[in-house]
Amino acid sequence: MIEKALKGEPRYYMWLVFLLGIIGVGMGCWFYQLHKGLGITGMGRDISWGVYIAQFTFLVGVAASAVMIVIPLYLHNYKKYAKVVIFGEFLAIAAVTMCMLFIVVDIGQPQRMLNVLLHPTPNSILFYDMIVLAGYLLINIIVGYNCLLADAQHRPHPGWLKPFIWLSIPWAVSIHTVTAFLYAGLPGRHLWLTAVMAPRFLASAFASGPALLVLVLLIISRVSKFDPGRDALQTIAKTILYAMIINLFLVGMEVFTAFYSNIPGHMHPLQYLYAGLHGHGKLVAWMWTAAPFAAIGVILLLIPSARRHHGILAFACASIFLAAWIDKGIGLVIGGFIPNPFHRIIEYSATFPEISITLAIWAIGALILTVLHKVAIAVREEEASTT
Amino acid sequence: MLGLPHRTERRAKRERVMSMNRRQFIKIAGLSTLFGLGGKGAFEILRPGMLDAAEHGHGAPALEEPAEPAIRWGMTIDVEKCAEPGVVDKCIKACHSVHNVPDFGDSKDQVKWLWQDDYEHTFAGNENQYMADHVKEFPFLCLCNHCDEPPCVRVCPTKATFRRPDGVVAMDYHRCIGCRFCMAACPFGARSFNWLDPRDALNEKEYNMEFPTRGRGVVEKCNFCVERLAKGLMPACVEAAPQALAFGNLADPDSNVRQILRKRPSMRRKLELGSEPSVFYLV
Numbered sequence: 001m002i003e004k005a006l007k008g009e010p011r012y013y014m015w016l017v018f019l020l021g022i023i024g025v026g027m028g029c030w031f032y033q034l035h036k037g038l039g040i041t042g043m044g045r046d047i048s049w050g051v052y053i054a055q056f057t058f059l060v061g062v063a064a065s066a067v068m069i070v071i072p073l074y075l076h077n078y079k080k081y082a083k084v085v086i087f088g089e090f091l092a093i094a095a096v097t098m099c100m101l102f103i104v105v106d107i108g109q110p111q112r113m114l115n116v117l118l119h120p121t122p123n124s125i126l127f128y129d130m131i132v133l134a135g136y137l138l139i140n141i142i143v144g145y146n147c148l149l150a151d152a153q154h155r156p157h158p159g160w161l162k163p164f165i166w167l168s169i170p171w172a173v174s175i176h177t178v179t180a181f182l183y184a185g186l187p188g189r190h191l192w193l194t195a196v197m198a199p200r201f202l203a204s205a206f207a208s209g210p211a212l213l214v215l216v217l218l219i220i221s222r223v224s225k226f227d228p229g230r231d232a233l234q235t236i237a238k239t240i241l242y243a244m245i246i247n248l249f250l251v252g253m254e255v256f257t258a259f260y261s262n263i264p265g266h267m268h269p270l271q272y273l274y275a276g277l278h279g280h281g282k283l284v285a286w287m288w289t290a291a292p293f294a295a296i297g298v299i300l301l302l303i304p305s306a307r308r309h310h311g312i313l314a315f316a317c318a319s320i321f322l323a324a325w326i327d328k329g330i331g332l333v334i335g336g337f338i339p340n341p342f343h344r345i346i347e348y349s350a351t352f353p354e355i356s357i358t359l360a361i362w363a364i365g366a367l368i369l370t371v372l373h374k375v376a377i378a379v380r381e382e383e384a385s386t387t
Numbered sequence: 001m002l003g004l005p006h007r008t009e010r011r012a013k014r015e016r017v018m019s020m021n022r023r024q025f026i027k028i029a030g031l032s033t034l035f036g037l038g039g040k041g042a043f044e045i046l047r048p049g050m051l052d053a054a055e056h057g058h059g060a061p062a063l064e065e066p067a068e069p070a071i072r073w074g075m076t077i078d079v080e081k082c083a084e085p086g087v088v089d090k091c092i093k094a095c096h097s098v099h100n101v102p103d104f105g106d107s108k109d110q111v112k113w114l115w116q117d118d119y120e121h122t123f124a125g126n127e128n129q130y131m132a133d134h135v136k137e138f139p140f141l142c143l144c145n146h147c148d149e150p151p152c153v154r155v156c157p158t159k160a161t162f163r164r165p166d167g168v169v170a171m172d173y174h175r176c177i178g179c180r181f182c183m184a185a186c187p188f189g190a191r192s193f194n195w196l197d198p199r200d201a202l203n204e205k206e207y208n209m210e211f212p213t214r215g216r217g218v219v220e221k222c223n224f225c226v227e228r229l230a231k232g233l234m235p236a237c238v239e240a241a242p243q244a245l246a247f248g249n250l251a252d253p254d255s256n257v258r259q260i261l262r263k264r265p266s267m268r269r270k271l272e273l274g275s276e277p278s279v280f281y282l283v
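Protein chains in written order, with the working numbering: chain P, 1 to 387; chain B, 1 to 283.
Chain P with its partners taken away, still in its complex shape:
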C-alpha cells in the first residue's frame, strides 16, 4: 500500500523537493545548534522556553483534534465522516511526530532523552507527556494503517480495531490535558497558573486542528479526484466554530479574573501581551493580529451562506488557524515568562537558525502528511473508480 506514495505527478515531486530543501537548511542549523549550544537561539535565562516549545504545545492540540472526527463517526455513526477520518488520523500522526521533534531540538542533551524512561519520575508531568504522546502516535498508526489497508483490499475494517479507536478518544483528550498541566501546575507563573488552562487548550485545539484539516481537504479536493463531501466539510466547520467560541469565552474568563481581582501579578502578563508593559511590547502587534482574525473567522463561520462558499470557508479556517497559532504558538508560552521572577521585563525574539529549525520541523510534518495523504488519496480514488 505504501508504494502508492511513490507514484505521482511532477508537481507532487516538486512539492516534496521543496520541503526537502527547507528540511536541509534546518538540519544544517540544527547541527550548528548541536555544536554551539542552545545559546544560538533567542532563548536565555529569563525566557527559557521559546518558539520550539510553543510549537510543541500548539501541535499537541492539532494532534488531539483528530478526535473531533473520530467521535461523530464511531460514537454517533455519522457516516459522512467515514471517508475523511483517515485524513484526520494521518494529520495526528504528522502532528505528534512534529511535537516529538520539537522536544528533541529544544533539550540541551538530546542523547540523554531516554533518561526520562530510565529514571521514571511519576511526579513529573513531562514523564506522563512522553508516555501519552508516544502512545497516541502508536494508536493512530495502528488505527490509520489498518483502516486504510482494509479499504484498499475492499474488506470491512477489522473488529479488533474498535477498542483502539475507542481508546483513542480519551487518549486524545489526555495528551492535551497533560500538556496543559505542564504549565498550569507551576507556582509563580501567573499567566499559566489557571484551572481553565486545560479546557482552553482543548477548545483552541478543537478549533485549530479541524481548521487545518479543512484547509488540507480543500487542497486535496483541488489536486485530486477525491471529494471529501460538502456535508462533511460543513460539519467540521461547525465544530471549529463552536470550539473557537468556547476558546474565546475562556480567554474572556482569564481577562475578567485577572483584571477584576486587580492582582498585579495576574494582570502583568496580559498587559504585556495586549498593551505592552513598562514600554516593552514586542508581542502586542502579534496579539492584535490574532484578535481580528479570530473574530473574522468566527463571524464568517457563523453565517451559513458564507460558510458554504468554499473560498470563504478556506479563508475563515485559515484565519482561525492563524489566530490560534499566534495565541498558543507565540503568546502563551513566551508571555508566561514575562515579567520574570524579579518583575523585570526581558523580551525574546527567535533567531535565524531557530526559525530555520522550526520551519524544517514543520516541513517534516508536511512531508509526512503529504506522503500519508497521498496513499490515502490513491486508495480513495481507486474506491471511487470501482464503484
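Since the hints were derived computationally from the structure, they do not count as laboratory data.
As the structure is a computational prediction, the values presented were derived from the model and not from experiment.
Virtual Cβ for every residue (Gly too), placed ideally from N, Cα, C.
If a hint is listed, it holds; no wrong ones were tucked in.
Derived lysine-lysine pairs resembling BS3-like cross-links, with alpha carbons at most 27 Å apart:
hint: 1; chain 1: B; residue 1: LYS263; chain 2: B; residue 2: LYS81
hint: 2; chain 1: P; residue 1: LYS282; chain 2: B; residue 2: LYS108
hint: 3; chain 1: P; residue 1: LYS7; chain 2: P; residue 2: LYS83
hint: 4; chain 1: B; residue 1: LYS93; chain 2: B; residue 2: LYS205
hint: 5; chain 1: B; residue 1: LYS205; chain 2: P; residue 2: LYS36
hint: 6; chain 1: B; residue 1: LYS231; chain 2: B; residue 2: LYS93
hint: 7; chain 1: B; residue 1: LYS108; chain 2: B; residue 2: LYS205
hint: 8; chain 1: P; residue 1: LYS80; chain 2: P; residue 2: LYS162
hint: 9; chain 1: P; residue 1: LYS36; chain 2: B; residue 2: LYS108
Covered by chain P, per the in silico footprint, the following chain B stretches (three or more residues, Cβ under 8 Å):
hint: 10; stretch: 122-129
hint: 11; stretch: 176-184
Use these hints to put chain B onto chain P, whose structure you have.
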C-alpha cells in the same frame, strides 16, 4: 488545618528526637572524611536520621517511616552587613571561583549561582513601598532558596535535581537532559542553563580542580556547597563574609541560625507559594 500536624509541629518533634549541635556535627563530618567517606558522619550527611533509626533497633528500618531529618540546612543573610564595601563581591567571587561558574557577562546566556539584586526586585510582589530608604538601597544576595517543597524537584522528569534529606536541593549534571522544566518552575529565577559551552567562558588557569566543570546543555545552580559541607567546611560565601552570612541547622533550636532568627526579624521570598525557602534575609 484538617487535623494534619503543622509543619512547625513536625519540626519540633524532629528536634526532640535528635539533637546534635552544629559543632558536633561538623566535627564528626570532618573526622569521617579523614577516614574516607564511610563513617557515621558521612552517613549522616547522605541520609540524615536514617542511621539513628537503624541503630536504635526499631526493627527493619526500610519498612518504617524514616525518622524526621535531624539536619535542615539554612542560611541567614544580614543585608545591612552586605552593604559594607566589597562584601557582596567577595561572596560572589568566592562562590563562582570555587564552583567554576562561567562568566558570560550580563547576557541572556549568563550563568549565576550567587548574585545581587535590590529589595524591590528580590521581593517583587511583596515589596513594601514605604520600606526605609536605606533598606531599599541595600544589596540583597540572591541564590537558590533550597526550598522545603521545591517546585523544581517536583517537575524534573529524570530526578536530575533532587532534595537531599538535609534539605539541600542538589543537581546531577550527568543525568540532566536540559529540558529546563525546572527553570520554568522555579519562582526565584535561581536556575541557570548552559546555553553555550561554559568551559569557553572559564579561565583554564583558574579552574578549581576539585569541583567539576559542566558541559553545555545542562542546568545548574547554587548547591549550598555540599562538597564543602562533606568536608566539614562552611559554604564558600559564608566563609568569605562570616559577619554577614550565617549557615547552620534549622532543625536544631540551639543552632547559630536559629538563635539569630530568634533575635532578629527576617524575611523570606514568596512565602505565599508554599515552597518554604531556607534562606532568610535579616533587615
